[in-house]
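Enquirer: Spelled out from the first residue to the last, the chains are:
4 protein chains.
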Amino acid sequence: MNAATGRRLLAEFTGTGLLVAVVVGSGIAATRLSTDGALRLLVNSVVTSLGLAVLILVFIQAGGAHFNPVVTAADWILGRRYGLGQAAAVIACQITGAIAGAALADAMFAEPVLSPSRHHRGGPPILLSEVVATAGLLFVIVSLSRTGRLQHVAWAVAAWIGAAYWFTASTSFANPAVTIARSLTSTYAGIAPASVPAFIAAQLAGGAIGTILAVTIYPVQCGRIQVEQPAQLAG
Amino acid sequence: MNAATGRRLLAEFTGTGLLVAVVVGSGIAATRLSTDGALRLLVNSVVTSLGLAVLILVFIQAGGAHFNPVVTAADWILGRRYGLGQAAAVIACQITGAIAGAALADAMFAEPVLSPSRHHRGGPPILLSEVVATAGLLFVIVSLSRTGRLQHVAWAVAAWIGAAYWFTASTSFANPAVTIARSLTSTYAGIAPASVPAFIAAQLAGGAIGTILAVTIYPVQCGRIQVEQPAQLAG
Amino acid sequence: MNAATGRRLLAEFTGTGLLVAVVVGSGIAATRLSTDGALRLLVNSVVTSLGLAVLILVFIQAGGAHFNPVVTAADWILGRRYGLGQAAAVIACQITGAIAGAALADAMFAEPVLSPSRHHRGGPPILLSEVVATAGLLFVIVSLSRTGRLQHVAWAVAAWIGAAYWFTASTSFANPAVTIARSLTSTYAGIAPASVPAFIAAQLAGGAIGTILAVTIYPVQCGRIQVEQPAQLAG
Amino acid sequence: MNAATGRRLLAEFTGTGLLVAVVVGSGIAATRLSTDGALRLLVNSVVTSLGLAVLILVFIQAGGAHFNPVVTAADWILGRRYGLGQAAAVIACQITGAIAGAALADAMFAEPVLSPSRHHRGGPPILLSEVVATAGLLFVIVSLSRTGRLQHVAWAVAAWIGAAYWFTASTSFANPAVTIARSLTSTYAGIAPASVPAFIAAQLAGGAIGTILAVTIYPVQCGRIQVEQPAQLAG
Numbered sequence: 001m002n003a004a005t006g007r008r009l010l011a012e013f014t015g016t017g018l019l020v021a022v023v024v025g026s027g028i029a030a031t032r033l034s035t036d037g038a039l040r041l042l043v044n045s046v047v048t049s050l051g052l053a054v055l056i057l058v059f060i061q062a063g064g065a066h067f068n069p070v071v072t073a074a075d076w077i078l079g080r081r082y083g084l085g086q087a088a089a090v091i092a093c094q095i096t097g098a099i100a101g102a103a104l105a106d107a108m109f110a111e112p113v114l115s116p117s118r119h120h121r122g123g124p125p126i127l128l129s130e131v132v133a134t135a136g137l138l139f140v141i142v143s144l145s146r147t148g149r150l151q152h153v154a155w156a157v158a159a160w161i162g163a164a165y166w167f168t169a170s171t172s173f174a175n176p177a178v179t180i181a182r183s184l185t186s187t188y189a190g191i192a193p194a195s196v197p198a199f200i201a202a203q204l205a206g207g208a209i210g211t212i213l214a215v216t217i218y219p220v221q222c223g224r225i226q227v228e229q230p231a232q233l234a235g
Numbered sequence: 236m237n238a239a240t241g242r243r244l245l246a247e248f249t250g251t252g253l254l255v256a257v258v259v260g261s262g263i264a265a266t267r268l269s270t271d272g273a274l275r276l277l278v279n280s281v282v283t284s285l286g287l288a289v290l291i292l293v294f295i296q297a298g299g300a301h302f303n304p305v306v307t308a309a310d311w312i313l314g315r316r317y318g319l320g321q322a323a324a325v326i327a328c329q330i331t332g333a334i335a336g337a338a339l340a341d342a343m344f345a346e347p348v349l350s351p352s353r354h355h356r357g358g359p360p361i362l363l364s365e366v367v368a369t370a371g372l373l374f375v376i377v378s379l380s381r382t383g384r385l386q387h388v389a390w391a392v393a394a395w396i397g398a399a400y401w402f403t404a405s406t407s408f409a410n411p412a413v414t415i416a417r418s419l420t421s422t423y424a425g426i427a428p429a430s431v432p433a434f435i436a437a438q439l440a441g442g443a444i445g446t447i448l449a450v451t452i453y454p455v456q457c458g459r460i461q462v463e464q465p466a467q468l469a470g
Numbered sequence: 471m472n473a474a475t476g477r478r479l480l481a482e483f484t485g486t487g488l489l490v491a492v493v494v495g496s497g498i499a500a501t502r503l504s505t506d507g508a509l510r511l512l513v514n515s516v517v518t519s520l521g522l523a524v525l526i527l528v529f530i531q532a533g534g535a536h537f538n539p540v541v542t543a544a545d546w547i548l549g550r551r552y553g554l555g556q557a558a559a560v561i562a563c564q565i566t567g568a569i570a571g572a573a574l575a576d577a578m579f580a581e582p583v584l585s586p587s588r589h590h591r592g593g594p595p596i597l598l599s600e601v602v603a604t605a606g607l608l609f610v611i612v613s614l615s616r617t618g619r620l621q622h623v624a625w626a627v628a629a630w631i632g633a634a635y636w637f638t639a640s641t642s643f644a645n646p647a648v649t650i651a652r653s654l655t656s657t658y659a660g661i662a663p664a665s666v667p668a669f670i671a672a673q674l675a676g677g678a679i680g681t682i683l684a685v686t687i688y689p690v691q692c693g694r695i696q697v698e699q700p701a702q703l704a705g
Numbered sequence: 706m707n708a709a710t711g712r713r714l715l716a717e718f719t720g721t722g723l724l725v726a727v728v729v730g731s732g733i734a735a736t737r738l739s740t741d742g743a744l745r746l747l748v749n750s751v752v753t754s755l756g757l758a759v760l761i762l763v764f765i766q767a768g769g770a771h772f773n774p775v776v777t778a779a780d781w782i783l784g785r786r787y788g789l790g791q792a793a794a795v796i797a798c799q800i801t802g803a804i805a806g807a808a809l810a811d812a813m814f815a816e817p818v819l820s821p822s823r824h825h826r827g828g829p830p831i832l833l834s835e836v837v838a839t840a841g842l843l844f845v846i847v848s849l850s851r852t853g854r855l856q857h858v859a860w861a862v863a864a865w866i867g868a869a870y871w872f873t874a875s876t877s878f879a880n881p882a883v884t885i886a887r888s889l890t891s892t893y894a895g896i897a898p899a900s901v902p903a904f905i906a907a908q909l910a911g912g913a914i915g916t917i918l919a920v921t922i923y924p925v926q927c928g929r930i931q932v933e934q935p936a937q938l939a940g
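Chains F, Z, W and L supply the protein sequences, listed in that same order.
When we follow our numbering, the leftmost residue of the first sequence carries the number 1, and every step to the right adds one.
When we follow our numbering, the leftmost residue of the second sequence carries the number 236, and every step to the right adds one.
When we follow our numbering, the leftmost residue of the third sequence carries the number 471, and every step to the right adds one.
When we follow our numbering, the leftmost residue of the fourth sequence carries the number 706, and every step to the right adds one.
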C-alpha cells in the first residue's frame with residue numbers, strides 16, 4: 001500500500017465517521033429539544049445535508065469522498081482505476097469509520113455507546129423508498145462525473161439527500177455503511193440490526209438502477225476528469 | 236427519432252417524475268409528522284427547492300431539464316432548435332412522467348395510487364398568484380439564458396419556486412404537467428381535477444408575460460450557449 | 471433617455487416590486503398558517519433571502535439590480551458612471567415599483583390594497599438596528615464590487631439580509647423604498663407611516679458608515695468590473 | 706505597522722464583532738419569539754451559518770477573515786507569512802471585536818450590556834464536543850487552503866458550523882474569541898466565565914488535531930494561493 005492509498009483510506013474512515021456523527025448526533029439533539037416530529041426531521045435532514053456538503057468538499061481531493069460502499073462499487077465497476085483490493089479496503093474503512101462515528105456521537109451526548117437499536121424499519125413501501133433514494137443518489141454522482149461537472153457534486157448530493165429524507169418513506173438511508181452503523185445506536189437515527197439486510201439489498205438494487213440510468217442518459221464519458229481546478233496560483 | 240432525442244425524452248420523463256415525487260412525497264411526510272400549517276409548508280417548499288436544484292443540475296445536459304410544458308413552449312418559440320414534433324413529445328413525456336411520479340410517491344407512502352384529489356383551488360387571487368409565479372419562473376429561465384448565464388439556472392429556479400410557495404396564495408404550482416399529476420393524488424399536494432384547467436390557463440398567461448418581459452429587458456441574445464463548461468480534463 | 475436606460479428603469483421597477491411582494495406576501499402566508507412567532511419570522515426571513523438572491527441574479531445585468539435607494543446613492547457617489555438625473559429616475563422607479571409590489575401581494579392574498587399600516591416601530595434600539603443592518607448591506611455590496619468579486623453579490627446579500635432579520639431588533643428593513651412600500655400594507659410586514667422617516671434616516675446613516683468602512687478596508691478599486699463572465703459560447 | 710496591516714486588523718475587529726453580534730442577537734430574538742427549544746436553536750444555527758458565510762466572503766481579501774485565534778495560530782504556524790507580533794495583534798483585535806459585538810447585540814435588543822453570563826457549560830461530553838467541532842473547523846480550512854480551493858471556504862465553514870451546532874452537545878463554540886465574548890452576555894448564547902477556560906483548552910486541542918489531520922491527508926501544499934480570482938475586467 002502506497003502513501004496515497006493510505007491517505008485515501010484515512011479520508012474515507014474519517015469522512016464516513018463524521019457523516020454518521022452528524023446524522024446520529026443531530027437526531028439526538030433534535031429529539032431532546034422538541035416533541036414535534038416534523039421539526040425533529042427538519043433539523044436532522046438540514047444538518048445532514050450541510051454536513052454531507054462540507055465533508056465531500058474537504059475530502060474529495062483525497063480519493064473521491066465516497067463514504068458509501070454503493071458509490072465505491074459503482075466507481076470501481078465504471079472506472080477500474082484501482083484494484084479490487086483497494087475497493088474492498090475502502091469499503092472496510094467506510095464501515096469501521098461509520099461505526100466509530102456513531103460511537104463518537106453517542107459519547108458526545110452521553111448516550112450508551114455501541115448499543116443496538118430496537119427501531120424496526122421495513123415493509124415494501126419503506127424498501128421501495130430505499131431503492132428510489134439510492135437510485136437517485138447514484139444517478140446524481142455518476143451523471144455529474146460523466147458530464148465532467150464534479151464541481152457540483154458536494155451541493156448536489158447534499159440537496160438530494162436533504163430532499164430524500166422527506167419525499168421517501170424511509171428517511172433515505174441510501175448507504176450500507178451508514179445503515180450498519182446506525183444499527184449500533186439506540187437513539188433517534190437508529191435501525192434494528194434485523195432490519196439492516198433488507199435495507200442493504202434495496203440500496204444495492206437502487207444503486208444498480210441509478211447507475212444504469214446515468215450510463216443510458218449519458219452514454220459518452222467525458223474522459224478522466226480532474227475533480228476541480230485549483231484557484232489560480234499567485235506569482 | 237435519433238438516440239439523443241430518445242435520451243432527452245427519457246430525461247424529461249424521469250426528471251419531471253422525480254420532481255412530482257418530491258412535491259407529493261414531502262407533502263405526505265410533513266402532514267403525517269406535524270399539525271402546524273406553516274411547518275408543513277416550510278418542509279414542502281424547502282424540499283421542493285432542493286429537489287428542483289439537484290434535478291436541474293443532473294438532467295440539464297440531456298436536453299435542458301425543462302420538466303415544464305411552459306418552459307418547453309417558450310424555448311421552442313424563442314429558439315426553434317428542434318421541430319414541433321419533438322416539442323410535443325417532450326411535453327407528453329413531462330405529463331406522463333409527472334403522473335408516474337405522483338404514483339411513485341403515493342406507493343412509497345402506502346397511499347392510494349392515482350386517486351383523484353378533492354382539494355378545490357381557485358378564485359381570482361389564487362389564479363393571479365399562478366400568473367405571477369409562472370411569469371417569474373419564465374423570466375428567471377429566459378433571462379439567464381439570454382445573458383449567457385445558465386450556470387445559475389438550477390439554484391435560481393430553486394430559489395424562485397421556494398419563495399413563490401410562500402409569497403403567492405396558490406403555493407405556486409407554475410407548471411401544467413405538475414398540476415395535472417397533482418390532480419391524481421388525494422394527499423396534501425393534491426388539486427381537484429375540476430380546478431386544473433383554470434390553473435393551466437393562468438400558467439400559460441404568466442409564462443407569456445414572463446417571456447415577453449425577459450425579451451424586453453434583454454433584447455440581445457448572447458448567441459447559442461453551451462450549458463456549462465466541463466471541468467478541465469486531466470492530461 | 472436611451473433604450474438601455476429604459477430597460478434599467480423597467481428592471482428596477484419590476485425587481486423592487488417583486489422583492490416587496492416576496493416580503494409582504496410571505497409575511498401574510500406565514501401569519502395565516504402559524505401562531506408561533508419564531509416560525510413566522512423564520513419563513514419571512516428565509517423566503518426574503520431566497521427571493522433577493524434570485525432577483526439580483528436575474529436583474530443584475532440590466533443595470534445593477536440595486537432595488538434600494540441607498541445602494542444607488544452609494545453607487546452614484548463612488549462611480550459617477552451615469553448622471554444625477556438617471557440616479558433620481560432609478561430611485562423613483564424603486565419606490566413606485568415597491569408600492570406596486572406591496573399592492574400585488576395584498577391582491578394575491580385578498581387583503582385590502584394600499585391600506586396604511588398601524589404597526590408602530592421605533593426607539594433607539596430599533597433605529598440602531600437599522601443602522602447596523604444597512605451598514606452591513608452596503609459594506610457587503612461595496613466590498614465585493616471593489617474587490618472585483620460581484621459574482622458573489624446575489625448570495626452574499628441574501629445571506630446578510632436573511633441573518634439581519636434575526637440578529638437585529640428591527641427585522642432589518644435596510645431599504646428606504648421597501649420601507650415606504652411596507653407602510654402601505656396593513657399586514658405582518660407593515661410599518662406605520664409615522665415610523666418611516668426615522669427608519670429612513672437610520673438607513674442613510676448606516677449606508678454612509680458601511681460605504682466608508684468598505685472604502686477604508688479596500689482603498690484600491692479593481693477598475694471597472696464586468697458583472698459576470700458569460701458562459702463559454704458554443705462554436 | 707503599515708497600512709495593509711492596519712486594514713487587516715480593522716477587518717478582524719469588525720468581522721469578529723459582527724459574527725458575535727449575529728450569534729448573540731439571533732439567540733435573543735429566537736428566545737423572545739418561541740418557547741420551542743429546537744426552533745430556537747434552528748434559528749440560531751441557520752442565522753450563524755448565513756452570517757459566517759457572508760462575513761468570510763467580504764473580509765477574506767483583507768487578510769484572511771480568520772475571526773478566530775485558533776485559525777490565526779494554525780495559519781501562522783503553517784505559513785509564517787507574517788511575524789508573531791502581527792499574529793498577536795490579530796488575535797487581540799479578534800477578542801476586542803468579539804466583545805464589542807456582544808455589546809452591540811445586547812444594545813440592539815435593549816439587554817444589559819457586558820453583563821456576565823450565569824449559564825454554566827462543561828463536563829466531558831461537552832468538552833469532547835468542542836474538540837470535535839474545532840478539529841473539524843480547522844480541518845475544513847486547512848484542507849481547502851492546501852488543496853488550492855479557498856474559493857469554497859466561506860460556504861464550507863458556514864455548513865460545518867451550522868451542522869456542528871446540532872451534532873455536537875456543546876452547540877459548537879469552536880472559537881476562543883467568541884467564547885470569551887459570549888461570557889459577557891446574560892442571554893441565550895451566554896456561557897459563564899468560569900466555564901470559559903476549559904472550553905478554550907478543548908478548542909486548542911481540537912485545533913491541533915484538525916490541523917495535523919489536514920496536513921497528514923494533504924501533505925503537499927499547492928503553493929501560495931491567491932484567495933480568489935477577480936472577475937474579468939471590462940475593456
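Please keep in mind that the hints were generated in silico from the structure rather than gathered at the bench.
We put the beta carbon where it would ideally sit given N, CA and C, even for glycine.
Treat each hint with caution, since some may be false.
[Unchecked claim] Covered by chain Z, according to a simulated footprint, are these stretches of chain F (three or more residues, beta-carbon under 8 Å):
id, region
1, 71-85
2, 187-200
3, 206-218
[Said to hold, decoys possible] Pairwise CB distance ranges, derived in the manner of DEER restraints:
id, chain 1, residue 1, chain 2, residue 2, range
4, F, L78, Z, P359, 52 to 58 Å
5, L, R823, W, P594, 24 to 30 Å
6, W, G553, Z, A327, 50 to 56 Å
7, W, S656, Z, G358, 49 to 55 Å
8, Z, C457, W, S656, 56 to 62 Å
9, L, T740, Z, V348, 39 to 45 Å
10, L, T740, W, G593, 20 to 26 Å
11, Z, A238, L, R712, 32 to 38 Å
12, F, L78, L, I917, 56 to 62 Å
13, L, T740, Z, P360, 42 to 48 Å
14, Z, A327, W, M471, 26 to 32 Å
Enquirer: All hints are to be evaluated individually against the structure, with a verdict given for each.
Expert: Taking the hints in turn, this is what the structure says about them:
1. By the rule of at least three residues with a Cβ nearer than 8 Å to a Cβ of chain Z, the coverage given for the region 71-85 of chain F is violated, with 0 such residues.
2. Counting residues of the region 187-200 of chain F whose beta carbon lies closer than 8 Å to any beta carbon of chain Z gives 0, which falls below the threshold of three, so the coverage claim is violated.
3. Three residues within the 8 Å Cβ limit are the bar, and the region 206-218 of chain F against chain Z gives 4, so the coverage statement holds.
4. For the pair L78(F) and P359(Z), the supplied restraint of 52 to 58 Å holds, since their beta-carbon distance comes to about 54 Å.
5. Checked against the given bound of 24 to 30 Å, the beta carbons of R823(L) and P594(W), roughly 27 Å apart, stay inside it.
6. For the hinted restraint 50 to 56 Å between G553(W) and A327(Z), the CB-CB distance of approximately 53 Å keeps it satisfied.
7. A C-beta distance of roughly 21 Å is found between S656(W) and G358(Z), which places it outside the suggested range of 49 to 55 Å.
8. A hinted range of 56 to 62 Å for the beta carbons of C457(Z) and S656(W) is inconsistent with their spacing of about 44 Å.
9. At roughly 41 Å, the beta-carbon separation of T740(L) and V348(Z) lies within the given 39 to 45 Å, and the hint holds.
10. At about 25 Å, the beta-carbon gap between T740(L) and G593(W) stays in the expected band of 20 to 26 Å.
11. For the pair A238(Z) and R712(L), the supplied restraint of 32 to 38 Å is violated, since their beta-carbon distance comes to about 58 Å.
12. Between L78(F) and I917(L) the CB atoms are about 34 Å apart, so this pair departs from the stated range of 56 to 62 Å.
13. The supplied range of 42 to 48 Å is broken by T740(L) and P360(Z), whose beta-carbon atoms lie about 33 Å from each other.
14. Remark: the range hint 26 to 32 Å for A327(Z) to M471(W) is contradicted by a beta-carbon distance near 46 Å.
Checked against the numbered hints above, the structure breaks hints 1, 2, 7, 8, 11, 12, 13 and 14 and satisfies the rest.
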